[in-house]
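Engineer: Here is what each chain is made of, one letter per residue.
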Amino acid sequence: MLSLLPETTLAAAALFFFFKNLELFKLESKKAVLLFGLAAASASVIGLFFHGEFFNGAYRVDNFSRFFTLLISFAYMIACIIFTRLKECDQSRVDEFFFFTSMAALGLVMAVGSVELMSMFIALEVSSYPMYIITTFRKGLGRQFEASVKYIIFGAVSTALMLYGISYIYGLSGSTFLVDIASTLPPKLGNPMAALGVLLFMGGLGYKLAAFPFHFWAPDVYSGAASEVTTFIAALPKITATALLIRIAHLFTGIEIVPLTISVLAVLSMTAGNLMALGQTGLKRLLAYSAVSHAGFILVGLIALGNGGAQAAMFYASVYALMSLAAFMVAVEASGRDPVDIPIERLKGLWRKSPVMAVMLTIALASLAGLPPTAGFAGKLFLLISAWKAGFEWVVIAGVINTFIGIYYYLKVIKTCLVSDGRENGFAPAPFYLKAASVVMAATMILLGIFPNTLLDMAGSAFRALVM
Amino acid sequence: MADYLYLIPLFPLIGFLINGLVGKRIGKPMVSMIGCLSVGSAFLVSLLSFNELLQLDPHQRQLVNHLWTWMSVGAFKVEVNFLLDQLSGVMILVVTGVGFLIHIYSTGYMHEDESYWRYFAYLNMFVFFMCCLVLGANYLVMFVGWEGVGLASYLLIGFWYKGMENAEAGKKAFIVNRIGDFGFALGMFLMFWTFGSLSYLEVFPKALHLFEQGHLLLNAPVVVAICLLLFVGATGKSAQIPLYVWLPDAMAGPTPVSALIHAATMVTAGVYMVARSNILYTLAPTASLVVALVAAATALFAATIGILQNDIKKVLAYSTVSQLGYMFIGVGVTAYWAGIFHLMTHAFFKACLFLCSGSVIHAMGGDQDMRNMGGLAKKMPITYVTMLLATLAIAGLPPLAGFFSKDEILWKAFTYPYFPAMGKIIWFMGTLGAGITAFYMFRLIFMTFHGDFRGTPEQAHHLHESPPSMTVPLIILAALSVVGGWIGIPHLIGHALNHHSPVPNLFETFLEPVFEHSEHIVSTKGMIHHYPAWLEWSLMGLSVAVALGGIAMAFHIYIRRFHELPARLAKQYAIHYQLVYNKYYVDEIYYYMFVLPIYYLSVFLWKVVDVLCIDKIGVNGPGWLVKRVSAGTSLIHDGYMQTYGAYMLLGLVAILAFFLGYR
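If you read the sequences in order, they're chains A and B. Quick note, the first sequence lines up with residues 1 to 468 if you use this note's numbering. Quick note, the second sequence lines up with residues 469 to 1131 if you use this note's numbering.
Hints were generated in silico from the structure; no laboratory data involved. Yeah, the Cβ is synthetic: ideal placement off N, Cα and C, and Gly gets one too. Careful: at least some of the hints might be erroneous.
Simulated pairs of lysine-lysine, DSS-like, Cα-Cα distance not exceeding 25 Å [claimed, not checked]:
id: 1; chain 1: A; residue 1: K30; chain 2: A; residue 2: K139
id: 2; chain 1: B; residue 1: K639; chain 2: A; residue 2: K412
id: 3; chain 1: B; residue 1: K545; chain 2: A; residue 2: K415
id: 4; chain 1: B; residue 1: K1051; chain 2: A; residue 2: K415
id: 5; chain 1: A; residue 1: K389; chain 2: B; residue 2: K630
id: 6; chain 1: A; residue 1: K30; chain 2: A; residue 2: K435
id: 7; chain 1: A; residue 1: K389; chain 2: B; residue 2: K545
id: 8; chain 1: A; residue 1: K415; chain 2: B; residue 2: K674
id: 9; chain 1: A; residue 1: K435; chain 2: B; residue 2: K492
id: 10; chain 1: A; residue 1: K412; chain 2: B; residue 2: K630
id: 11; chain 1: B; residue 1: K492; chain 2: B; residue 2: K630
Chain A is nowhere near these chain B residues, computed Cβ spacing over 12 Å in every case [unchecked claim]:
id: 12; residue: D649
id: 13; residue: P689
id: 14; residue: T754
id: 15; residue: M890
Facing chain B, from chain A, some residues (calculated, C-beta under 7 Å) [unchecked claim]:
id: 16; residue: A195
id: 17; residue: G203
id: 18; residue: F214
id: 19; residue: I257
id: 20; residue: P372
Take the sequences, apply the hints, and build the full model.
Structural biologist: Structure (structure tokens):
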């Protein structure tokens, strides 16, 4: 059963914290979560070597799903490291918190492996509910409930849309298995019903990715939830959404209108996100809008799946998860004293208090901005090259312009954290393992920018597993 | 072999890492040692590899050091390679050599600064990126260096970040350069699209091959577009019209930084880039003409602004903008080697001038206003003599370095093979600019070193010559400003000096293999006239006369009748005076034309679109309605959700409409 090892490990983590909640174990929760994070990451590495099919072919473990499992598990591990610093989260709910995050990670992993619409849908729901719940886990009376309610309602609407879309797809193709859909549905795309079904389904995924125009929940949820929660929400679901979007878009390769629609959405998403991010003064809101813009970039990869776009999107999703986690690691350090969002000004003097964190944040933001030699630069370059090759020059131009806009607001944050005016903002000194983790993350972001080929080749072979 | 080229950037990188990470703890002596030693070692390795280059046959002088394959996506393959040929050889020697001298100078100049280590870390970082820029064997590696030096420049301009003005200057430099980089990036995209590569050793032969096969015509639109886009990048980095505005403000940084980055090396990157792409520019005469015209306009325009500046560094800054114009004239009129020649001599005398001004500012206790100076020659003789030599060099008096390089450029402009008539105009503008240059540079000398001291008594008391760590680099650079031009003596003078075995033009011969294909194209496609020798002699004489005229005028106004003439002239030509004194209001024009509209657009987006339309009308409006109607206070009913949901559904409908309407 080694081929289900990653799933089993996450399930074990969830179960552990479930019973821990009943005071059954003595192990300290924060140590346990670190342990499970490491275990999940190691399991996902082992999982790379075992493949198989389960549940009558509804669940497939292959290179493609294992690539994303690896990403999710590593992101989960980094999130676990950050979780040991609970700053804004309600301490009395620590075990529940870990239970729900493990559950959500499990759901995300399951969604990636599903090759049948219903199991995909259920796995996504398994991941969504814990996230709705943890959004409320914030100390004090902030805006967490408002955020959670918004999150739930938007989630419910997009779930409804998605389910509605699935019903159309099923109605027209007679099957919920992607293999069958791939052969029966594409010729029928002229039928408005089919188009509606596909678009609604993809819209549901767009909600997970926080792409325009499904992004409205993001700013409020990002800023209203506890920073640790936002850390999780900002990184992990994006990976799964990318995986599923590649799966779906791949079904319709060769149909001209699909990449065209995606390209319009991609450009709208990156532009809208960027423009709204420009004026933000809150760190989490800024990152939320920037997430909308990055969702647009990920969508660029879907335009030209065959031309290297899929690899590029997979590369970018991995890199984006890493950059986002890095940024939020610092956000968590800076949080705990503001009613809603963390004002960017709070980062003043970070350089003085914790140079390691400041350097990592600088690299992460430079990478988000797409400055060489960071991973973000390489990722954007691959994405834009793939679009260029597919003949979407205008997307490339829009992408370049947006990159330049983005540089402006990321630099503002960098400047704030590097400039110190002598005022103390009282960051508690970070423990050693956190510093070590941030050094490793910073180094990874640079190394992936200089030697991106390893990860890119891995993504390429994963994508080939999907094509076959 | 050349597999040690990577050491050249590696040493400064190590220096940067050490100084940046632990510089604060290891103390000033250690920091300066690491800083200077790393750049010194880079200089040594450059010398070694340059020597190896010289051992080769002139046409095979190319050393390539392959490091790793950066990325390969289908046909798109970027290797991180370093290339040392004659062109990058000259550049790397200038960068590391002058860089080394300025590092030494900095140990004296920055001695009192509390962030000494930060300064050296940045400076080493700059040298590292500059080496990447120069040595890179393809445009992408060059671009990495290009962005990196921009970053270093930004950090160093705002080095004394506590002053708001300094931070503003850094920001301005950064933003203006982004505009240029945007063009550069587009140019690279277009180049890759056209030639399928970004490597020098692939793009240029391919362009040449396509041209010879007749697949690529002279002035093919795509090549012109590539060249113009790349030149947009050059106008940003090398401060040409219309993007020159950042350079004068960049003087907010420490003076050695102005000498190294904003005079000798970084700002010449654009010239290097054009010279490097010489084949493309030769194949696109229109683009070359644009380069030459923009350059001539800049050379003249910036020189006129230099006349009335009172800040000693601002004068030098405008002079740099103007001199960069001359270099671009050189590369624009397809005399690539002359452009590079002027780049080199300029690096010597302008670095010297800046360092001298630093020495003066040091003595004046930080005061940069020339109206407070005067009579410093007696107090600081070494600074005076070295600065005078460098000034004579920039004014273009024989036999100093500036004479040879500037005159060669002007002569080549006069004989512009592609557009002879335009060439004459460019030559006229250049010569006029040279006269003005002589005028404002000697104005600087006279106001600073002659006459009576006009500063406060404390300053007068404090005046002193700088320590040897500062004066020795000055002396070396001044010596180079004197003799540096002798390696590029024009054939005409070479013949005149010795009829039987003429003194050769070493520099041109050395660089020839890099530019030979371009020269071949120019000689077949351009209109080569043979001009008589007397014409060249008389033009040479004319430019010397113009320079002497400028000096004489400066002497007349600022020495003999200093007490009344400048003020009277200012009153008499009030409008002109105000116009020039305020730098033609270019900053203000840009502010009103570009900055304000963008600012208002963003305010509009924020206040009207975001706050009013979305928040107030879109979000709060319904919320207000709902509140009024239901009087419920639940958060869910405040209207956010419905509006957002409506937007989402509307968006979905729009996508569907697009999807279906397209076919």
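Engineer: Against each hint, give a clear statement of whether it holds in the structure.
Structural biologist: Going through the hints against the structure:
Distance check on the hinted pair: K30 (chain A) and K139 (chain A) sit about 18 Å apart at the alpha-carbon level, within 25 Å; holds. Of the pairs offered as hints, the one joining K639 (chain B) and K412 (chain A) holds, with about 11 Å between alpha carbons and a cut-off of 25 Å not exceeded. Restraint check: the Cα-Cα separation between K545 (chain B) and K415 (chain A) comes to about 34 Å, which exceeds 25 Å; the hinted pair is violated. Between the alpha carbons of K1051 (chain B) and K415 (chain A) the distance comes to roughly 30 Å, so the proposed pair goes past 25 Å and is violated.
Straight-line distance between C-alpha atoms of K389 (chain A) and K630 (chain B) comes to about 47 Å, which puts the hinted pair past the 25 Å bound. This hinted pair checks out: K30 (chain A) and K435 (chain A) have alpha carbons roughly 17 Å apart, not beyond 25 Å. With a CA separation close to 14 Å, the supplied pair K389 (chain A) and K545 (chain B) stays within the 25 Å bound. For the suggested pair K415 (chain A) and K674 (chain B), the alpha carbons sit about 44 Å apart, so the restraint of at most 25 Å is broken.
Restraint check for K435 (chain A) and K492 (chain B): the C-alpha separation of about 20 Å stays at or below 25 Å, so the hint holds. Simply put, K412 (chain A) and K630 (chain B) have alpha-carbon atoms about 16 Å apart, close enough for the 25 Å limit, and the pair holds. The hinted pair formed by K492 (chain B) and K630 (chain B) meets the criterion: a straight-line CA distance of about 19 Å does not exceed 25 Å. Non-interface status of D649 (chain B) relative to chain A is broken: a Cβ of that chain comes within 12 Å, the nearest being about 8 Å off.
No Cβ of chain A comes within 12 Å of the Cβ of P689 (chain B); the nearest lies about 16 Å off, and the non-interface call holds. Here T754 (chain B) stays apart from chain A, with its beta-carbon at least about 23 Å from theirs, past the 12 Å limit. Remark: the non-interface label on M890 (chain B) is consistent with the geometry, its nearest Cβ contact in chain A lying 33 Å away (cut-off 12 Å). Satisfaction of the interface hint for A195 (chain A) is found here, the shortest Cβ-Cβ separation to chain B being roughly 5 Å, below the 7 Å cut-off.
Below 7 Å, beta-carbon pairs count as interface contacts, and G203 (chain A) has one with chain B at about 6 Å; its hint therefore holds. Interface hint at F214 (chain A): satisfied, since its Cβ lies 6 Å from the closest Cβ of chain B, which is below the 7 Å cut-off. The beta carbon of I257 (chain A) is positioned within 7 Å of a beta carbon in chain B (closest approach about 5 Å), and the interface hint is therefore held. Interface restraint check: P372 (chain A) against chain B, minimum CB-CB distance 5 Å, threshold 7 Å, status holds.
Going through the hint list in order, the structure does not satisfy hints 3, 4, 5, 8, 12.
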